[in-house]
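Enquirer: Below, each chain spelled out in residue letters.
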Amino acid sequence: MVGIVLVSHSSKIAEGIIELCSQMAPDYDKLINCSGIEDGLIGTDTLKIVEGIKEADDGDGVIIIMDIGSSIISTEMALDFLDEDLRSRTLLVDTPIVEGALNASIDASIGGDLQSVKEACEGAKSLNKF
Amino acid sequence: MKSTELLLLLKDISNTIIDNSEMLNDLDRAIGDADHGINMRRGFLLVLEDLDNLTDKDIVTIFNKVAMTLLSKIGGASGPLYATAFMKFAQVCKGRDEIDSNLYTEMIGSAIDGMKMRGKSDAGCKTILDSMIPYYKTLETEIKKTNVFKELSPLALKSSEEGVEYTKTIIATKGRRKLPW
Chain A
1 MVGIVLVSHS SKIAEGIIEL CSQMAPDYDK LINCSGIEDG LIGTDTLKIV EGIKEADDGD
61 GVIIIMDIGS SIISTEMALD FLDEDLRSRT LLVDTPIVEG ALNASIDASI GGDLQSVKEA
121 CEGAKSLNKF
Chain B
131 MKSTELLLLL KDISNTIIDN SEMLNDLDRA IGDADHGINM RRGFLLVLED LDNLTDKDIV
191 TIFNKVAMTL LSKIGGASGP LYATAFMKFA QVCKGRDEID SNLYTEMIGS AIDGMKMRGK
251 SDAGCKTILD SMIPYYKTLE TEIKKTNVFK ELSPLALKSS EEGVEYTKTI IATKGRRKLP
311 W
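Which chain is which? The protein sequence lines are A and B, in order.
Heads up, the first sequence is in the numbering used here, so the first residue is 1 and it goes up one at a time.
Heads up, the second sequence is in the numbering used here, so the first residue is 131 and it goes up one at a time.
Same shape as in the complex, but just chain A (with noise of 0.2 Å):
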């Protein structure tokens, strides 16, 4: 099952996101919340982003959704610290981070493979709300 990290400056924003996610796909674990540093502290931790790749793929890969600013630079870093194998299986979306998690973890809930999941989540950038 393809995984998700969310790269948010605040991991409460994260937290949240996780909570809305579980309740459209409930059954859907492998939505990791890489976000803040340590102590609660509003920012991003490239290393934090490294061990939450590693721990989003199961061998299907994983995309990365993030918010603004360093959360971008930060992942960026981290992708560098992963062997050759996992950073081929893992893509950054840019895309809006509460509509595409949950366009994203939907489409991974149900199966979709790497391509499905990156596709339904940068579908999120072209919604119309209203």
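To be clear, the hints were calculated from the coordinates, so they are not data collected in a lab.
For each residue, glycine too, the CB sits at the ideal point set by N, CA and C.
Treat the hints loosely; a few may be bogus.
What the hints assert, rightly or not - The calculated BS3-like cross-link candidates involving lysine-lysine, where the alpha carbons are at most 27 Å apart (straight line), are:
1) Lys304(B) - Lys125(A)
2) Lys288(B) - Lys125(A)
3) Lys304(B) - Lys54(A)
4) Lys125(A) - Lys250(B)
Unchecked claim - Heads up, incomplete: computed chain A residues facing chain B, CB under 10 Å, no partners named:
5) Glu15
6) Leu20
7) Ser22
8) Glu38
9) Asp45
10) Thr46
11) Leu47
12) Lys48
13) Gly69
Stated by the list, open to error - From chain A, some residues computed to sit far from chain B (all C-beta separations above 10 Å):
14) Lys30
15) Ile42
16) Glu76
17) Asp83
18) Arg87
Since chain A is already given, all that's left is putting chain B on it; use the hints.
Expert: Chain B only, in chain A's frame:
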């Protein structure tokens, strides 16, 4: 410079950053979210702790340890950027137990390359590179005339200060400048 002197230098650098963290916050307040000093202070306070445990370690180990601490603890974009510089220092110093002016010049050049790549940036984007690149260029030119660091350093420093002044004349394209708010 051997590893014992390097530890003292890094201690000095850390303390300078910590002591000036309020100034870094103020600078960031003008262009961002006023947390650059808080972030750098947090990172370099932990670097200070590392340094106490790095006595007797070689140069490469020291640079790598500092890199990993900054990478994980700063929390902002400066974490990966400073960590990249320190990782490049470690790469360039591999197999060496002393830093001389030539190796130092090579280290700065390599750090610049790494930071350009990591930050997807270059000269003229109103970043730290606009001070580092002139610093490096002067080192590269002047080292052909002298390899005495005490003679090289003031010249390179002057170039980097001119680089800082130059940034006042250009428009930022990186970082928060890109965001719509």
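Enquirer: Confirm or reject each hint.
Expert: Outcome of the hint check:
no.: 1; hint: Lys304(B) - Lys125(A); result: holds (23 Å)
no.: 2; hint: Lys288(B) - Lys125(A); result: violated (47 Å)
no.: 3; hint: Lys304(B) - Lys54(A); result: violated (30 Å)
no.: 4; hint: Lys125(A) - Lys250(B); result: holds (23 Å)
no.: 5; hint: Glu15; result: violated (18 Å)
no.: 6; hint: Leu20; result: violated (24 Å)
no.: 7; hint: Ser22; result: violated (27 Å)
no.: 8; hint: Glu38; result: holds (8 Å)
no.: 9; hint: Asp45; result: holds (5 Å)
no.: 10; hint: Thr46; result: holds (5 Å)
no.: 11; hint: Leu47; result: holds (4 Å)
no.: 12; hint: Lys48; result: holds (7 Å)
no.: 13; hint: Gly69; result: holds (6 Å)
no.: 14; hint: Lys30; result: holds (24 Å)
no.: 15; hint: Ile42; result: violated (7 Å)
no.: 16; hint: Glu76; result: violated (7 Å)
no.: 17; hint: Asp83; result: holds (18 Å)
no.: 18; hint: Arg87; result: holds (16 Å)
Consistency with the previously given hints fails for numbers 2, 3, 5, 6, 7, 15 and 16, ordered from lowest to highest.
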